[in-house]
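Protein chains in written order, with my numbering: chain A, 2 to 139; chain B, 838 to 1307.
No lab work stands behind these hints: they were computed from the structure.
Think of the CB as a built atom: it goes at the ideal place given N, C-alpha and C, for glycine as much as any other residue.
Nothing false has been slipped in among the hints.
Just the calculated beta-carbon pair ranges, DEER-fashion:
id, chain 1, residue 1, chain 2, residue 2, range
1, B, A1159, A, H18, 50 to 56 Å
2, A, G21, B, Q1149, 47 to 53 Å
3, B, K1294, A, A19, 46 to 52 Å
To spell it out: a stretch of chain B is covered by chain A in this simulated footprint if at least three of its residues, at any positions, have a beta carbon under 8 Å from a beta carbon of chain A; those stretches are:
id, segment
4, 922-930
5, 971-984
6, 1019-1026
7, 1211-1220
Only pairs whose alpha carbons sit at most 30 Å apart, straight line, appear in this in silico DSSO-like list of lysine-lysine:
id, chain 1, residue 1, chain 2, residue 2
8, A, K35, B, K1118
9, A, K35, B, K1006
10, B, K974, B, K999
11, A, K35, A, K79
12, A, K79, B, K974
13, B, K954, A, K79
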Amino acid sequence: MEQQPTVILGVIGADVHAIGNRILAYALEQSGFKVVNIGVLTSQEEFINAAVETGAGAILVSSLYGHGEMDCRGMREKAVEAGIGNILIYVGGNLVIGKREWNEVEKIYTNMGFDRVYPPGTLPDDVLPQLRQDLGLK
Amino acid sequence: MELALLIDFGSTYTKVTCADMQNETIVGTARAFSTVETGIMEGFLKALRDLEGSAGLSSPPYKYKFACSSAAGGLRLVAVGLIPDLTVEAAKRAALGAGARVIGVYAHELTGAEVGKIEGQRPDIILLAGGTDGGNKDVMIHNAGMLAGMHLEVPVIVAGNKSAAEQVKAILEKGGKDVRVTANVMPELNVLNIDPARETIREVFLEKIVAAKGLKTAEEYIDRVLMPTPAAVLNAAELLARGYGEEQGLGDLVVVDVGGATTDVHSLAAGEPTKAGISWKGLPEPFAKRTVEGDLGMRYSAQALLEAAGVQRLARICRLPADEIVGYVEKVGSNPDLLCSDDISRTVDDAMAYTAVDLAVERHVGKIDVIYTPFGASYIQTGKDLTEVKYVIGTGGVIVFHPDPGLIMKGTLFDQARPAVLKPINPQLLIDRQYIMAGMGLLAEVDPVASLRIMKKYLEEIHIEQGRML
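This is chain A alone, in the form it adopts within the complex:
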């Protein structure tokens, strides 16, 4: 049997939105991923430490309270420092405050080194095929 791909899941910063995180964890587990869910109120370091220790293939960051831009800055650089510079990092949620064009928001995050950026209301079914593809799975 092929080894299950491991992904790290959590809600970054001072954000305590726990429900979407659980739903996402459930959806990922159902489709064959090994989910390491580090929960809410999570720092960049905790995401990265978890990924190093578990040998994860991707980090999925949620942020729903509007402060994601501040919380996510420098995350890719930290991953590089930790020796996992090539790891996939996704982010999704209410990523900025106020109404801004999605293209603009996406660009902010891809410039920070995030591989994929998802707007509010994205369903797990939209993410899963892309995750499999990026991880080189069928």
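Keeping the supplied structure of chain A fixed, place chain B upon it in accordance with the hints.
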């Protein structure tokens, strides 16, 4: 009368306790100066003569003769892992729980310089962890390669990623090392599984370390050296907290042991948050948790204690001029067998003991951090909440032989001025007057009920007088 002889080979004293298992009493205790260099048996036989003399026994038949040991520097262990907060911390906790002295902690890929440092530290055991099961393999494999080339004959216990364990074993064996593979200390992220590593450390201690520490001669007279002394104390504390069969335990408790070189704190409690609305972060806490403060001790570590606390803090407690304190600390630091002799030395010793207890318990217990979020304040607890612990037990020479140990034990208590530090608020204080905790940890291996009942009988309740200060 059915007697058990319980021996604690320490680094400076050998302590013997004789317990009557039928009547559940302590027949006598004695101690004598002894070191590995001067011959461990000499001190032991002297203590035994004193004990038998004062108890009016002459070479009675002992059903059991068990010993624990912290002689020759204790069980010296180096822990190696991957991430400091994760597998390194897990390995450290396993080692402390086994009663080891953790003399070095290494994270990430070992360098040549670090391997040189380990060679210089001359540990008795190396505990190698790294990676969750199925997680990172490279680092532990790299570290095995580095350790395999080390010019040091030392057993290596592998307690890391199971998917890499066999390869790691092969690498180390090729380097001529004695390798034991046990279960991963962190099989999944933030899940601790330290008992198998604890057991393996103890096995290696029994097989190899006992002989290496010059204790084999003692085994001709006694039945066995069973475990390192701190493991015996933790064993006793766990039995006392949990109870055994019909015989009830005391429930959640903390044991504080102030020694010449270190201050040990053991907590036997789950430590979950006691107030609503607090999230618990960090590694899960073992029910039986031991921490050791190598910089808080009465003699060997007196200087380090002074540095950790600051002379002003000690001066404030004992109301003596700073230079007098500094002078005394220097004196006892270089003469570890010196006992306090006059009022001034007694006052400084009391202040040092109080401070050691205060800091050691503070480092052991959990803390509450407040994080301000857009939705108001969030409270995060890391470590154990011990505010509602029912008993705090004091042991170690400076507490046990003190005329008013409450003065020192006050340092274990919750401080209104620092509510984020989760120390016990209103526990019953108990003193190990007869110095029996380690012995009872040994007796617990064969007769837990007698051991438990004896502890309940002999640990002495004390009360702190309101307003009395050091």
